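Following the hints, put chains F and C in place on chain H, whose structure we already have.
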Amino acid sequence: MRADPGGSARLRRLGSYAILTILAIVVLFPIYITVVNSLLRPVDIAARPPVFFPLHPKWSSYADAWNGGHMSKYLLNSFIVTIAITAGQVVTAVMAGYAFAFLQFPFKRTIFVVFLATLMVPFEVTVVTNLETIRSLGWFNTYQGLAVPFLATGFGAFLVRQAFLQIPRDLSDAAALDGYGHWRFMTRVAVPLARPTIAALTVFGFLGAWNQFLWPLLATKDDELRTVQIGLKQLRATSLDSVNVTFAGAVIAVIPVAIILLVFQKQLVRGLTAGAVKG
Amino acid sequence: MTSRSRRRRREAGLGYLLLVPAVIIFVVFIFYPFLRNFQLALYLNPPFPNLPRRWVGLDQYRDILGSDSFISSLKTTIAFAFLTVPAGIGMGLALAVAANRKLRGIGIYRTIFSSTVATSVAVAAVIFSMLFNPIVGLLPWLGVNPNPPIIENPDLALAAVALVTVWQTLGLTFILLSAGLQAIPEDLYEAAQVDGAGATVRFWRITIPMLSPTLFFAVVIGSIHAFQSFGQIDIITSGGPFKHTNVLTYSIYGELNGTNGPPNPGKAAVLAIALFVITLGLTVVQMRVLERRVHYAR
Amino acid sequence: MGRVSLSGVTKQFDDVIAVDHLDLEVADREFLVLLGPSGCGKSTALRMIAGLEELTEGTITIGDRVVNDVEPKDRDLAMVFQSYALYPHLSVRKNIEFPLRTRGTPKAQRTAQAEAAAESLGLDGLLDRKPGQLSGGQRQRVALARAIVRDPQAFLMDEPLSNLDAKLRVQTRAELVELQRRLQATVIYVTHDQVEAMTMGDRIAIMNEGVLQQVGPPQEVYARPANLFVARFIGTPPMNTIPGELIGEGPSVVIGVRPEHVRVSRDIPRGSEIPASSEGMGATVAIIESLGHERHVICRLPDDTNVIARQGIDVPPPAMGDTVRLDFDAAQVHRFDAATGVRAG
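Chains as they are written, first to last, in the working numbering: chain H, 1 to 279; chain F, 280 to 577; chain C, 578 to 922.
There's no promise every hint is true.
EDC-like cross-link-like pairs, simulated, lysine to aspartate or glutamate; straight-line CA separation at most 16 Å [to be verified]: (1) H/Lys73 with H/Glu224; (2) F/Lys381 with F/Glu469; (3) F/Lys522 with F/Glu431; (4) C/Lys671 with C/Glu692; (5) F/Lys522 with F/Asp434; (6) F/Lys381 with C/Glu631; (7) C/Lys744 with C/Asp779; (8) H/Lys108 with F/Glu290; (9) F/Lys381 with F/Glu290; (10) F/Lys381 with C/Asp770; (11) H/Lys221 with H/Asp241; (12) F/Lys381 with C/Glu692.
With the Cβ distance kept under 10 Å, some of the chain C side facing chain F (calculated, not the full set) [to be verified]: (13) Arg642; (14) Asn645; (15) Pro649; (16) Asp651; (17) Phe675; (18) Thr679; (19) Leu703; (20) Leu704; (21) Lys707; (22) Ala720.
FYI, nobody ran anything at the bench for these hints, they're computed from the structure. As the structure is a computational prediction, the values presented were derived from the model and not from experiment. Positions of the beta carbon are idealized from the N, C-alpha and C atoms, including for glycine.
Chain H on its own, in the form it takes in the complex (with noise of 0.2 Å):
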């Protein structure tokens, strides 16, 4: 039961990190393998042994994706979509959240309840009406039709009300004797205090809405509206013959959701775990 002195503690640490290190390279080999092949030429991907690391890397796989491949318009579509849902679920939140938390009025309760209920009702129950109803109304194909389903969360609602009750009652008390107005009361004290949950179900919004991928499927036709999403499987299948093509598209597909991911860390762990950690 003695270990041996003194190395123990440091064989330990370096088993760790073996350890570590292996199962870095598990996770992340698909998406450095991706990025290699973005680089090289479609008869070098298919080498045998084959290739892992570009000593001549070709970035023109990244012209083609963003011109031929038509990623420039993807991603266009993608942020104009994300954005206008990102927008209209954290200012709907934010609102529903403020009604829920200071003010009073009759059914409060049972309309809270229903805005969870939302939660529970999955997309594929609703995806055949919604459909018609867009069309009926003309949005088809239209970036309108994409992103005004998703304008409202109930989950939105129930972060944004949970921070907003912690705001100590002084000073929604002290705000009322100031002369604060509701309108100034939410804008100059409650937003800002809730702002970390607030960027938190902006950075969660944000992910969600550029993932979606059944609804855009089904709701655009045209090679102009699609999203990012659906451009890559479109590429995919134009891309047959030039494969590195593909990989960059999917890199550039992931470029922006990475930097806005590593930017705010901290906001999307925190959304994750609202609902599942205490605290």
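Coordinates of chains F and C only, in the frame set by chain H:
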């Protein structure tokens, strides 16, 4: 009217006003479709698009839910969930535990482990469909070269798609479980050490119980996600080969898109209801059975 | 044998030395208190004894064996944490049984031992509750029960009373001492509260900034502090320290005299200067604090140093602003080197 009740009226009015936008969206795009779905399911859609549909009532429910194609789709969906959820959580937990140490440079590892959160289902599916490709992909070179190739292999296709799903959700699972792990007070482990508990005992007697709320959340959310998976099926296998990856969501899509004959919203509606009921039922069962063993802090 | 021995024990975190070459011997069945302000290294030293912290240098011996590389779980110690560290998901009974479970004690014996420990601490009715349902004092007792259930070589306690309210603290203090006597156990007790140290310890080891200042029985540490730090740290109200210049002994000396050894006298011949020496000096009364059973007269010296004198209530109090004569009990005046703080003579 006293000024007090006038103020109260105004406040209530403001309250309702603030809720109106969200409520409109919910009613139009969530509640109305939800209810209408039940109605849609009562109509049999004709094989030719311009003929009127026929009201068949509950017969359609019975026909579809009893059909072989539905049963097999259901089995596929359940199998998919079993392949994805335990593996996903197990792997996420392994990563979270491994990275829960105070080592130099641990931040880099944690960033790497979270990295798949930047990938979407579509991106992951595209990447892996290339990796699985017998000509371009690397798996054949690594020795994994079944015949027929993975994506066209009825026995392996579902597992392959499950693998992609597990990988893509690893980042999220890692972040979630990591946060839960870090919330466990350090002195509990120290007390256990002094009390004579080795690493394994500490893991099963302290880590897992204290992590149970987070684990429970991950299982419930993970199951719901598994049942609603679509993108990776569409991109990698399109429901094949021979419908071996035809999960319920894909069947629904098939009926709406006209891949199994003309679009059949009635059938899609029935399938959607089935999916909803099963998901809800599973969640309720999980809450009854699993939540009892979850320890919540006071 | 419950003897614990620290030899040259050092702990360095990056460039901070938390514990600096600590030499300490704790005898079997001794109640040793590690006392000092926050950050002085006492908790770090305790954790090193427990094995929760690795040593940078030095040796720790428990009983007869050197335990530097022995894991905490094999050191046969018990520890009571400041936060109690009770397992929140286990019942009180299971909490107390935990150390026995990990050692593979058979069930019947486990139950018996756990119940005995619980009973000795007055916890019998609470065995099936969870820690979340208990009060602070009850939780503390569960932590104690968990510690005593195994009969270890020594007990380590890290400020176990600091989370209790004042009244409970006083009561539990006495109970802890009694428990130690009954169990005939070696206890190493960390605290920043010098009252706890004085009332509980067989010996007190005072630390400051990682360095051991003095070790000795409470009375000795009180009556003959080894340096200025100890002198000022022990005793309430703290010892008065007066620079040597004010009493005509030059800047290289600081004298110390405890408030109970200072007598305040209004008996001053008119118009004459009060001579300043180590036997007394003049001062102005600044504040008078009445505590009911005694009085603290806080006087100000010419250089704004404060001197506190304890006065019985049978003596008429002086008035604020009065010029008074302070008489120091010559036998109780301590001398310290002004530069090093070390006791001179």
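Hints, verified against the model:
1. Taken as a hint, the H/Lys73 and H/Glu224 pair is honoured in the structure, with Cα atoms around 7 Å apart against an allowance of 16 Å.
2. Between F/Lys381 and F/Glu469 the alpha-carbon distance is near 15 Å, which keeps this suggested pair within the 16 Å criterion.
3. Between F/Lys522 and F/Glu431, the direct Cα distance comes to roughly 11 Å. Compliance with the 16 Å bound is thereby established for this hinted pair.
4. Pair hint C/Lys671 plus C/Glu692 holds up; C-alpha atoms about 11 Å apart against a cutoff of 16 Å.
5. Note on F/Lys522 and F/Asp434: the hinted pairing holds, with a Cα-Cα distance of about 11 Å set against a maximum of 16 Å.
6. Taking the CA atoms of F/Lys381 and C/Glu631, the gap is about 14 Å. The hint holds against a cut of 16 Å.
7. Between C/Lys744 and C/Asp779 the alpha-carbon distance is near 23 Å, which puts this suggested pair outside the 16 Å criterion.
8. Straight-line distance between C-alpha atoms of H/Lys108 and F/Glu290 comes to about 12 Å, which keeps the hinted pair within the 16 Å bound.
9. For the hint linking F/Lys381 to F/Glu290, the alpha-carbon distance of about 52 Å lies beyond 16 Å, and the restraint is violated.
10. Our distance criterion of 16 Å between C-alpha atoms is broken by F/Lys381 and C/Asp770, whose separation comes to about 32 Å.
11. Simply put, H/Lys221 and H/Asp241 have alpha-carbon atoms about 24 Å apart, too far for the 16 Å limit, and the pair is violated.
12. With a C-alpha separation of about 38 Å, the suggested pair F/Lys381 and C/Glu692 falls outside the 16 Å cut-off, and the hint is violated.
13. Because the smallest distance between the Cβ of C/Arg642 and any Cβ of chain F comes to about 17 Å, over 10 Å, the interface hint for this residue is violated.
14. Given hint, C/Asn645 at the interface with chain F, is violated; its Cβ is 16 Å from that chain's nearest Cβ, farther than 10 Å.
15. Because the smallest distance between the Cβ of C/Pro649 and any Cβ of chain F comes to about 4 Å, under 10 Å, the interface hint for this residue holds.
16. Look at C/Asp651: its Cβ gets to within about 8 Å of chain F, closer than 10 Å, so that hint holds up.
17. Because the closest C-beta pair between C/Phe675 and chain F is about 5 Å apart, less than 10 Å, the hint holds.
18. At about 4 Å, the closest approach between the beta carbon of C/Thr679 and any beta carbon in chain F falls short of 10 Å, and the interface hint on this residue holds.
19. Annotation: interface hint on C/Leu703 violated; nearest CB of chain F at approximately 15 Å, more than 10 Å.
20. Because the closest C-beta pair between C/Leu704 and chain F is about 18 Å apart, greater than 10 Å, the hint is violated.
21. Annotation: interface hint on C/Lys707 holds; nearest CB of chain F at approximately 8 Å, less than 10 Å.
22. A least Cβ separation of about 8 Å between C/Ala720 and chain F falls short of the 10 Å threshold, and the interface hint therefore holds.
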